[in-house]
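Heads up: the sequence lines are chains A and B, in that order.
Quick note on my numbering: the first sequence kicks off at 1335 and runs consecutively.
Quick note on my numbering: the second sequence kicks off at 541 and runs consecutively.
Where hints are given, some of them may not hold.
What the hints assert, rightly or not - Below are the DSSO-like pairs computed for lysine-lysine, each with C-alpha atoms no more than 27 Å apart in a straight line:
(1) K725(B) - K696(B)
(2) K1757(A) - K734(B)
(3) K1768(A) - K696(B)
(4) K738(B) - K1431(A)
(5) K1678(A) - K696(B)
(6) K942(B) - K1632(A)
(7) K689(B) - K1439(A)
(8) K674(B) - K725(B)
(9) K1431(A) - K617(B)
(10) K1431(A) - K746(B)
(11) K725(B) - K1439(A)
(12) K1468(A) - K1613(A)
(13) K574(B) - K594(B)
(14) K1530(A) - K1757(A)
(15) K1580(A) - K1646(A)
(16) K605(B) - K617(B)
(17) K617(B) - K561(B)
(18) K1502(A) - K878(B)
(19) K617(B) - K574(B)
(20) K617(B) - K725(B)
(21) K999(B) - K1507(A)
(22) K878(B) - K1431(A)
(23) K609(B) - K942(B)
(24) K1632(A) - K878(B)
(25) K574(B) - K1431(A)
(26) K878(B) - K919(B)
(27) K609(B) - K1439(A)
(28) K1502(A) - K1703(A)
(29) K1439(A) - K605(B)
(30) K696(B) - K713(B)
(31) K1460(A) - K1557(A)
(32) K1431(A) - K725(B)
Hints are computed from structural coordinates only; laboratory data are not their basis.
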Amino acid sequence: MAKEKKINLPISADLLEKLAKFQEIELQDVDIELEEIEFDVSGSGGGMNPYLTQRLAHEFALISSSTGRITQALGGMPMIPVQPMMPVMPIAPVHVKPTELIQAKTTIPEANYVGEIVEVRLGATKSEGGTRSKSYVIGGETVPAYYQFQAPPKNRPIIALDVFDWPKISLSKAVKMHFREVLGDTGEWARLCVDKFGAEMINLHLVTIDPLIEDSSPKAAVKTVENVLEAVDVPISIGGCGDPKKDLEVFTAISENIEGERLLINSVTLDMDIEKTAKLINDYNNTVVAFTSMDVNKARELNRKLYDFVDKTQIVMDTTTAALGYGLDYAFTVMERCRLAALKGDPELNHPISSGTTNAWAAREAWMKMGPEFAPRELRGPIWETITGQTLLLTGVNYFMMMHPAAVNSIKGFIDNLMNGQKPTEPTDWVTVKIGGK
Amino acid sequence: MPAKELSPIEIYKLLPGTSCKECDEANCMAFAAKLVNREALLEECPPLLEPQYKQSYDQLWALLKPAVKAVEVGIGKHMVTLGGEYVLYRHEFTYFNEPAIAVDVSDEMTDEEFETRIHVLNDFAFDYIGMQLKLDMLSIRSSSGDPAKFADAVSKANDLTRKPLMLCSHDPKVLEKGLEVVADKRPLIYAATKDNWKDVAELALKYSCPVVASSPLDLDGLKSLALTLKAYGIDDIVLDPGTQSTQHMGSNLDTFTVLRLDAINEEEEGLGYPILGIPMMAWTVEEEDPVLNEWNEVVLAGTLITRFTDMLVIHGINGWAILPQVFLRSNLYTDPRKPVSVEAELVTIGEPDENSPVLLTTNFALTYYTVANDIENAKVDSYLLVVDSEGMSVESAVAGRKMTADTVAEAIKDSKVDEKVKHRNIIIPGRSARLSGEIQEASGWSVSVGPLDSSGIAKYVEEKWNPYPE
Ligand code: B12
Ligand code: SF4
Chain A
1335 MAKEKKINLP ISADLLEKLA KFQEIELQDV DIELEEIEFD VSGSGGGMNP
1385 YLTQRLAHEF ALISSSTGRI TQALGGMPMI PVQPMMPVMP IAPVHVKPTE
1435 LIQAKTTIPE ANYVGEIVEV RLGATKSEGG TRSKSYVIGG ETVPAYYQFQ
1485 APPKNRPIIA LDVFDWPKIS LSKAVKMHFR EVLGDTGEWA RLCVDKFGAE
1535 MINLHLVTID PLIEDSSPKA AVKTVENVLE AVDVPISIGG CGDPKKDLEV
1585 FTAISENIEG ERLLINSVTL DMDIEKTAKL INDYNNTVVA FTSMDVNKAR
1635 ELNRKLYDFV DKTQIVMDTT TAALGYGLDY AFTVMERCRL AALKGDPELN
1685 HPISSGTTNA WAAREAWMKM GPEFAPRELR GPIWETITGQ TLLLTGVNYF
1735 MMMHPAAVNS IKGFIDNLMN GQKPTEPTDW VTVKIGGK
Chain B
541 MPAKELSPIE IYKLLPGTSC KECDEANCMA FAAKLVNREA LLEECPPLLE
591 PQYKQSYDQL WALLKPAVKA VEVGIGKHMV TLGGEYVLYR HEFTYFNEPA
641 IAVDVSDEMT DEEFETRIHV LNDFAFDYIG MQLKLDMLSI RSSSGDPAKF
691 ADAVSKANDL TRKPLMLCSH DPKVLEKGLE VVADKRPLIY AATKDNWKDV
741 AELALKYSCP VVASSPLDLD GLKSLALTLK AYGIDDIVLD PGTQSTQHMG
791 SNLDTFTVLR LDAINEEEEG LGYPILGIPM MAWTVEEEDP VLNEWNEVVL
841 AGTLITRFTD MLVIHGINGW AILPQVFLRS NLYTDPRKPV SVEAELVTIG
891 EPDENSPVLL TTNFALTYYT VANDIENAKV DSYLLVVDSE GMSVESAVAG
941 RKMTADTVAE AIKDSKVDEK VKHRNIIIPG RSARLSGEIQ EASGWSVSVG
991 PLDSSGIAKY VEEKWNPYPE
């Protein structure tokens, strides 16, 4: 059997540091047969514990026959190439059991972002030229959503409740039961949302202006908006019907007739007359939702087109919300990509994000009658909306449009818990807990 | 360098380079590309396993290994893999192993409750776009602290389920009693702590089982424990940083995010392990109604699934609560590099004859299953022609030109549906109405524009469809 005369076992500083904590090192199932062992610890920089050196030498001296992978086995360091040794015997692990906890420190990763989300003010109080009892600022983030170890959240995300100007709007049973009495009165509907369900804003949808529904006039729309402004004192957002031409007509009438409220116009899309819409927002000092369909490049394109006519601080972006189980993965990833790109310095995506969380109700599982094991629907629906919303909250959504009171309550509570940022002092033991007093 | 930034060239350089095709790829470069996408395993290149390539194999293995170690729990077909992840955000690559959901039982529960919970674990199944959404594990707690009682509970559970187990106690004596019963099933041991780690580590070695390092609210302690266990000779470690109830959501997010960030950045030796989250913490808070505990548990579970957790323990077992959790994890763990799609082919539904309708749809999984289920449930005997739209839904496919008159005409021809039906009339989705004229022209078939939503198909076929229009 050919034998190597000499082996070099480089020992890393890290390894030495770890070894220094052991009182005893036990090499099991290892046979090393060598004529000479030389320890070169000069490269370890830290000065090895002399006792340990001695001890190691002693242990090695007791060993006969050869094997590779000693360094790897010692504390599982990455394999350091050992000079070839022949022959290679069956490899057995060497367990060096620590007798004390190896002390360590976990690095808290530092923020290294260069971008910042613009801040957008929604609504206007008396002193700001409007009539609302409060206004909000959203956006302003410098780190990914709720990376509180890098920076505390800047502004609270805002929850608006959807209100429709059409009593026949199709709503799931679980939603409808909360609004049945007010469906025919838009102002009352808005009031109920604020007074009873804690809406921070009202998201008014003017569906009756749709040429395919009632084709109601811009003038009628203005009246509806005035009603709502009268009924509630929170900021409001105005939604169109999705018809690019009609929406612009109605938005124009509203802008011209209702001044100073810093409304959130919902929305401007790529197929609208962007120049006209943008100028309208700018001239009347309102804000706008730039709405695109799940495409980072489309979102960029629309924002870029808007920049020619309005200030950045007037734009909120919406990249489309799809329901849990029905494309939430796309919605999540597009929003996450937009926000991260913005923080990395993309100047065309650094806007607060809006989510039509109500879309969660498009999922059959949110409203459908299912087997008894999935009952009651009254819980399944709102939890669907909640999970859809909170998942997007974690990508950085700043403005939610929601529907079910329980979901609103849950997301608000979630945000409260995030914003107050308190840390528990004592961990709770879950292993021995008795649930329900049992 | 983070594994995700590998280029096929770097991998190619280490392969045998003979292009022998034993891997079923055209050449080594093609195999390298597959390796980079984690679509192939090193073992699929037989030459690489020969001794002369040992060094290349080892180097490749180190280059391709995930930033978060993959830890296997259980045995056989119910085994689960925890971790094995490469990236922080799913769009950077993809997530691989869905977080395992474990159902909670304790050794002090009544037989009835104990058994009901295990039945839910075993039987819960929901069909979702061709996948079965299920629960994965059983977590057995010794709330009694009594070793004999725990052994009983473990042995009972072992009789009732074949899903992997997690044995939970802080007392090594209790744990050992459980391990004596089921060690051969490779359960996960919960937990080694700063107080008991030596004894628990011995158990993990003695019974060759993976082990959780638990250090609630102390990340330094957690890293310290993990490093120590590793030095002790244990490779399969899971990290429990301590989940807190929903009031401390900010603290939860910070903890889980820091852990995974450090692991992915590979700055932190000792943190590249799967993370355990305990949504069940929501039940430790007093609420007026247990429904609120269960609701908060879903909120917590959803948060943890979104933020990098690899395994969850839940107490609530109601369908309305479990469903959104399994949906969410399924959604976030699909591969963002390609939509979930099905085979493009002609599907027979019920018992169609030569006068039955032929319906067109796309191969986006969500679209296909929605449509197929609707037709099946409405008992419309028919042929469903699934066209390859590269996994796009109807509207996206039409707008993005992934489904055109030409691809439809080709699909009609290739499917040989003309040998199955006498008529030449195809029903297309309402959302692709604008293609109707062109399809007619390209295929020679007449086109009927169906309803917008597939739930209306039965009614449409019954009331409006005429296979032999004038
Ligand atoms: C998720 C989504 C995406 C995902 C893709 C998901 C996928 N794999 O398909 C992404 C982000 C990649 C995407 C991309 C695009 N999308 Co897209 N997308 C959506 C979104 C939000 C949901 C689509 C969906 O999943 N629907 C659910 C499935 C089940 O619906 P479905 O396939 O239509 O099936 C139903 C019906 O068609 C019908 N049906 C189906 N088969 C059959 C058969 C018969 C016989 C009958 C009768 C009925 C029927 O029943 C089904 C159940 O209701 C919609 C908006 C929305 N909320 O609808 C936009 C939407 C479809 N997209 C749109 C567009 C324009 C695009 C893009 C071209 C550009 C873009 N990003 O904006 C690209 C094209 C991609 C490409 N390269 O080909 C537009 C289409 C506008 C139009 N009418 O022309 C929409 C409507 C958004 C919008 N308002 O602008 N999209
Ligand atoms: S089996 Fe290996 S050597 Fe042969 S072609 Fe594939 S990658 Fe190359």
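Outcome of the hint check:
no., hint, in the structure
1, K725(B) - K696(B), "14 Å, holds"
2, K1757(A) - K734(B), "21 Å, holds"
3, K1768(A) - K696(B), "20 Å, holds"
4, K738(B) - K1431(A), "9 Å, holds"
5, K1678(A) - K696(B), "54 Å, violated"
6, K942(B) - K1632(A), "18 Å, holds"
7, K689(B) - K1439(A), "38 Å, violated"
8, K674(B) - K725(B), "20 Å, holds"
9, K1431(A) - K617(B), "34 Å, violated"
10, K1431(A) - K746(B), "14 Å, holds"
11, K725(B) - K1439(A), "35 Å, violated"
12, K1468(A) - K1613(A), "26 Å, holds"
13, K574(B) - K594(B), "20 Å, holds"
14, K1530(A) - K1757(A), "31 Å, violated"
15, K1580(A) - K1646(A), "25 Å, holds"
16, K605(B) - K617(B), "23 Å, holds"
17, K617(B) - K561(B), "31 Å, violated"
18, K1502(A) - K878(B), "39 Å, violated"
19, K617(B) - K574(B), "26 Å, holds"
20, K617(B) - K725(B), "12 Å, holds"
21, K999(B) - K1507(A), "24 Å, holds"
22, K878(B) - K1431(A), "46 Å, violated"
23, K609(B) - K942(B), "38 Å, violated"
24, K1632(A) - K878(B), "20 Å, holds"
25, K574(B) - K1431(A), "40 Å, violated"
26, K878(B) - K919(B), "32 Å, violated"
27, K609(B) - K1439(A), "20 Å, holds"
28, K1502(A) - K1703(A), "22 Å, holds"
29, K1439(A) - K605(B), "24 Å, holds"
30, K696(B) - K713(B), "19 Å, holds"
31, K1460(A) - K1557(A), "21 Å, holds"
32, K1431(A) - K725(B), "26 Å, holds"
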